[in-house]
Every structure is written in structure tokens, then in C-alpha cells.
Amino acid sequence: MAQGYFQIPIKQEDQNKTGFITDFGLFNFKRIPQGFKNSSPIFQRIINDVFSDYLYRTMIAYLDDICCFGTNFEEALTNLKDIFSRLEETGLKLKTNKCNFFSSNIELLGHSVSNIGIKPLEKNIKAITSFPTPNKIKDLRAFILLTSYYRKYINNFAKIASPLTSLTKKDNKFVWGKEQVEAFEILKKAITTAPVLAHFEDGYPVFVTTDASLEGLSGILKQEDNNGKRHPIVYASRKLKGGEKNYTTTEL
1 MAQGYFQIPI
11 KQEDQNKTGF
21 ITDFGLFNFK
31 RIPQGFKNSS
41 PIFQRIINDV
51 FSDYLYRTMI
61 AYLDDICCFG
71 TNFEEALTNL
81 KDIFSRLEET
91 GLKLKTNKCN
101 FFSSNIELLG
111 HSVSNIGIKP
121 LEKNIKAITS
131 FPTPNKIKDL
141 RAFILLTSYY
151 RKYINNFAKI
161 ASPLTSLTKK
171 DNKFVWGKEQ
181 VEAFEILKKA
191 ITTAPVLAHF
201 EDGYPVFVTT
211 DASLEGLSGI
221 LKQEDNNGKR
231 HPIVYASRKL
241 KGGEKNYTTT
251 EL
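All residue numbers for the sequence shown refer to UniProt numbering, where the first residue is 1 and numbers rise by one.
To be clear, the hints were calculated from the coordinates, so they are not data collected in a lab.
For every residue, glycine included, the Cβ atom is placed at its ideal position computed from N, Cα and C.
Hints should not be assumed to be uniformly reliable.
Said to hold, decoys possible - Using C-beta positions, here's what the derived DEER-type ranges look like:
#1 Q3 <-> L121: 33 to 41 Å
#2 N16 <-> S104: 47 to 55 Å
#3 N16 <-> F200: 44 to 52 Å
#4 S40 <-> K239: 23 to 31 Å
#5 S162 <-> D53: 38 to 46 Å
#6 P205 <-> S104: 21 to 29 Å
Said to hold, decoys possible - No more than 27 Å apart at the CA atoms, straight line, and that leaves these computed lysine-lysine pairs for BS3-like:
#7 K138 <-> K241
#8 K241 <-> K178
#9 K138 <-> K178
#10 K119 <-> K222
#11 K152 <-> K126
#12 K229 <-> K119
#13 K188 <-> K170
#14 K136 <-> K98
#15 K123 <-> K152
Using the sequences and the hints, build the whole thing.
Structural data, given as C-alpha cells:
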């Protein structure tokens, strides 16, 4: 969208809440400013309201990133016309050089999305593989945050990352040992070999594989195609919490 936040006006009685002082005096925003604490949730709520009857049916929207889709060209064109009509009705504007029409492959929120499936963006994979060995908690948290964003591509992510996440706990000393080195390198390798996650298709068989251990839980959702081949849809995992460590395998 074209300057998405600035397309949303602020009620006159609320404009003073955005006031800021400069050498030239006191100024208030008349439209939602970027960086304001509530700007993002307000904008997302407005987008959700505007496209409520289309969301997750013919489009998805995260703030000012809108993705309209269809199973074929004709359907995609019809859905796009609906979105354009709604934008026109509400007065919201797009920026043409930020738009991508009728593409079989797009970049969306750090992912490469195609008609085949979804995978991490190559530039973000490189950012992970070139990440230097952390020598302080701040750097380690940055690495964990970066890789965790793509955890749905990595089987047993929580278990693999456990030696790293344990260092971030309060009062734990930062000791970069053999376990941390191995976990660090395994995660880097895992993201480079991450599979393309298939799109979920209604009407096809679904298979769920789960695993439980003292270290955590994990699961894989797969779907079978017409040829009987099973494709991963998503990987999920997490560490055990508190009393869960006392559960038996069957209870987990």
C-alpha cells in the first residue's frame, strides 16, 4: 500500500495524544504515525475489518502487505477485482511499484511463496548461515530469534536449539561449550536443507507424526498427493514445561 499508516486519519479530539515538540513549536499528527505504539494494531484491525469477508478465503493481509490468490488465472482475476473494488470503496490506495500481479512466485514476510509451496527467502538463509559465533547473550538471542522464525521448516527445532535457549535463562552463565557449538551448526545446516512446505489442499489425506521425550514434543503434518507421495505441510515442536517433565510418554 502507499504509505499505509498515513492513509488512516486520527479523530481531531485524539490528535493531541500524538504531539511532539520541535524548535518550531508543538505539532500533532493528523494521521496514524509510524513508530507510535498503537499504530500497528490499529492499522491491522482496520485492514481486517475492511477485508473481513475475503480474509483467508481469497486473500491474506499482514499490515500493508496484501496477497490475493486463486487456483487459476480466471479465479485470481475475479478475486483481484473484488479487492480493488473494496479498496476503491474505502478510499485506500496502492503504490504500483510495490505491486506484483499474476506471479507464480512472490516474496511475502520473509518467505518465497509459489504454486508449489513455501520456503525461506534465500537472503535470509544467507543471513543465518553467515551469522558469527555469539559471544554474548544479546547476539545469541538474535540468532535464536532469527532461526525460530523459520522453525516450521525444521524438524525437532526445540530439541536442537535447547542447548542455546538454556543459556538465555536468567542467572545462567554464558558458557559456549561443545553442545552449543553443535546446536549452532546443526541449525545453520538445517535451514539450508529445509524442505519446500506444500500448501494444504482440501480433500487429500492428512498424516500427523508425533514424538515425545524428556526434552520436548514434536510433530509433523504431511499430506498425500495423487501419486501417493507425502509432502510436509509444517513442523512443530516445543520444550516441556514445568510439571510436564513428570508425565509418561503416553501422557505427553
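Give me the numbers of the hints this structure contradicts, sorted from smallest to largest.
1 and 14
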